[in-house]
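Student: This is what each chain is made of:
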Amino acid sequence: MTVVQAKTVEDLAQAEARDYVWTLNFGPQHPATHTTLRLVLLLDGERVVDAIPDIGYLHSGFEKLGEHLNYNQYVTVTDRMNYISPLANNIAWHGAVEKLLGLEITPRCKYLRTILAELSRISDHLLCNGAVGIDVGAFTFFLYAFYQREVLYDIFETLCGARFTNSYTRVGGLMYDAGPLVVEKIRAFVRNFPRTLDDMDKLLNRNRIFVDRTKGVGVLSKHEAIARSATGPIARASGVTRDLRKDEPYLAYEDFDFQVCCATAGDCFARYLVRMAEMRESLKIVAQAIENLPAGGVNVGIDERTALPSKQQVYQTIEGTISHFELVMTNRGFVVPQEEVYDAIEAPNGELGFYLVGDGSDVAYRARCRPPSFIHFALFPHLIRGHTLSDVVAVLGSLNIIAAELDR
Amino acid sequence: MAIEVPENVVVSRLDALASWCRKNSLWPMPFATACCGIELMATGASRHDLARFGAEVLRFSPRQCDLMIVAGRVVMKMLPVLQRIWQQMHEPKWCISMGACASTGGVFDTYSVVQGIDRFLPVDMYTPGCPPRPEQLIQSIIDLQELIQREGTISGREFAARSRQQPKRALVELSVVTLPRGVSRLPQRVRVE
Amino acid sequence: MIDRQTTAAVSSEFPSLAWSEFRGQSRAVVPRDELLRVLKFLRDSRGFDLLVDITCVDYLNYRGAQDRFALVYLLSGTRTNERITLRVFVNEPEASVPSAVPLWEGANWMEREVWDMFGIRFEGHPDLRRILLPEEFTAHPLRKDYPLQGRGERHNFPVLRRAEG
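Protein chains in written order, with the working numbering: chain A, 1 to 408; chain B, 1 to 193; chain C, 1 to 165.
The calculated lysine-lysine pairs, modelled on DSS-like cross-linking and capped at a C-alpha distance of 27 angstroms, are:
{"id": "1", "chain 1": "C", "residue 1": "Lys144", "chain 2": "A", "residue 2": "Lys99"}
{"id": "2", "chain 1": "C", "residue 1": "Lys40", "chain 2": "A", "residue 2": "Lys222"}
{"id": "3", "chain 1": "A", "residue 1": "Lys311", "chain 2": "A", "residue 2": "Lys110"}
{"id": "4", "chain 1": "A", "residue 1": "Lys284", "chain 2": "A", "residue 2": "Lys246"}
{"id": "5", "chain 1": "A", "residue 1": "Lys284", "chain 2": "A", "residue 2": "Lys110"}
{"id": "6", "chain 1": "A", "residue 1": "Lys284", "chain 2": "A", "residue 2": "Lys202"}
So, partial list: chain A residues that the calculated Cβ filter (under 7 angstroms) puts toward chain B:
{"id": "7", "residue": "Pro28"}
{"id": "8", "residue": "Gly56"}
{"id": "9", "residue": "Tyr57"}
These aren't lab readings, by the way, just hints derived from the structure by calculation. Note that beta-carbon positions come from the ideal geometry of N, C-alpha and C, so glycine has one too.
Chain A on its own, in the form it takes in the complex (with noise of 0.2 angstroms):
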């Protein structure tokens, strides 16, 4: 079997000629393409030869779109890129925000926003697995991992309101604060959640079918990984322990005992055998913070002049209604440096960031976001050569590629 590069469509009608090879053109509309993407495969028989990936159909213009919304407003925005854990998308937004600003956010907010993270992550890891178990035929692992998620779209919606594109966080705090309601369903899910993972593991790991279509498929060395910027559960599968809540921690997180799951073999079931640890580790994390939950409110002061002062202050003293006014009158706002930051948060994915360029006023000047899909997309040219028709389902799955972060 010849080992042909090939870069462009050109290419591959010149290697088309040559060999006995063929091509297909796998997406943008597919069910395993998990929304819109789009590949063209290079094929000796059932061998993939090469993968060129063409991407670009969800293109929305999330950063020019940056330039136009103010941090409160584009908030909204963050949410649809990776929709899966958009609550993620919040927390890396605004904690960039909070940096560009040097807020400093209440230890409620803090605590509220790590248990949101990781309920978030277990989420989208949920959701992965759950796709590369129905890509790969196994159905009722699927509807096992949607149910969960259904409970915790019930926790988001007691919450904020919405299912999921919450928009929940805003500069210097949150859209709400939690209370006894959501406390209560969230211990509830801290008490129910295992059993399921339990079933859920019975289901898989063990699977003949299953091992044998991920184990030994879509190889990812530790070398090549850091490389080719691979961050995240993929990069921790390869064996690279990076995890940016131990290594440059957040929020709360120094606070918390949990672990950092890695592998080494670096083929799709490490990554999904450490998903599906991470969910677990994320299910210790939210234990202990809805236990140890801090008093006392989630906005930053009325000095700090960010966050929406509370209806009392803004009616009772006058730093409130000056306070009120000023945010909520357009043409004014709060003052931001005009100075450049990047801040990144572990996401789900990997390392999402946001590297923002404020100019003063009230809108970035550049919103730029650091997507951990677009990134590891590229890794898929790479894992794919050699294996076979069925294996590209498989190793896609895998690498949980969001069409709307691949494409912003």
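With chain A fixed as given, assemble chains B and C onto it according to the hints.
Tutor: Chains B and C in isolation, oriented as in the chain A frame:
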């Protein structure tokens, strides 16, 4: 003279019978692009079950489907693909535009998002929401079923009716209004009758 | 976060870099000709083996800007946990920099996106073509002189109606 019709005899029109069959076995073609795709998957999952309404078979082949649910924003690179898939579906076919982005462009008034797929495709039902709750999508499918029952014909004549052929009224887009610095506002658009 | 020794070592090797710091993050302005040497030095000698991102900022409407574009390279070390931001200023008539693909394979798509969105060429890139927008698209949308709603490209398609009969 009245004719006694026994209980086990049904009298109907062919059109009504055909519409009844078609509406209760709509096979959706999920054209899931973005976040609405996840709500579409959730509608098909176990809690809000779309299969109860006859839409059991979510096949991804346009040749086997008769209802295209466009869930999510459609960008200019994707629109020719959408049109080609629409053309590959057989008559009678219907289209549901799910979510704000497919109906009007949604939050994304940018250089690459098509501001409503009904500019380029005939749409029968619009579902508002960002994303619409699964219950809303189920309601729009029920409404589409009522539409099919009301207007359906056995030979598909209803699609040639004038009301189905109306193009979308044009919106005039003003050029960008320059505002003083620090004001974050997208330019206003004016509708021309 | 960066170690004092790292900044000292880098500035002794490359004295022409202009350092600054904001919110604990160190940034260095690198002249275009020294870019590849600086990147290689950081990767091989100082342990910055992970290329986090390559992006660009268009300073057309920025108060007090001297150059038009700034290419931003974000690097990080997996073992040292340090981060550094490098900025290279380029200007319009010949907006191009040498490509970082020989150093990191992951730079391939990042540079293609910068070309697509801003129009900055990367010399030595194996396959510089548009990645997110269609090939026929002519403008570079993230430049400040391109309007948010575009110039009509998004509605330039045939209309499908219902077939007769």
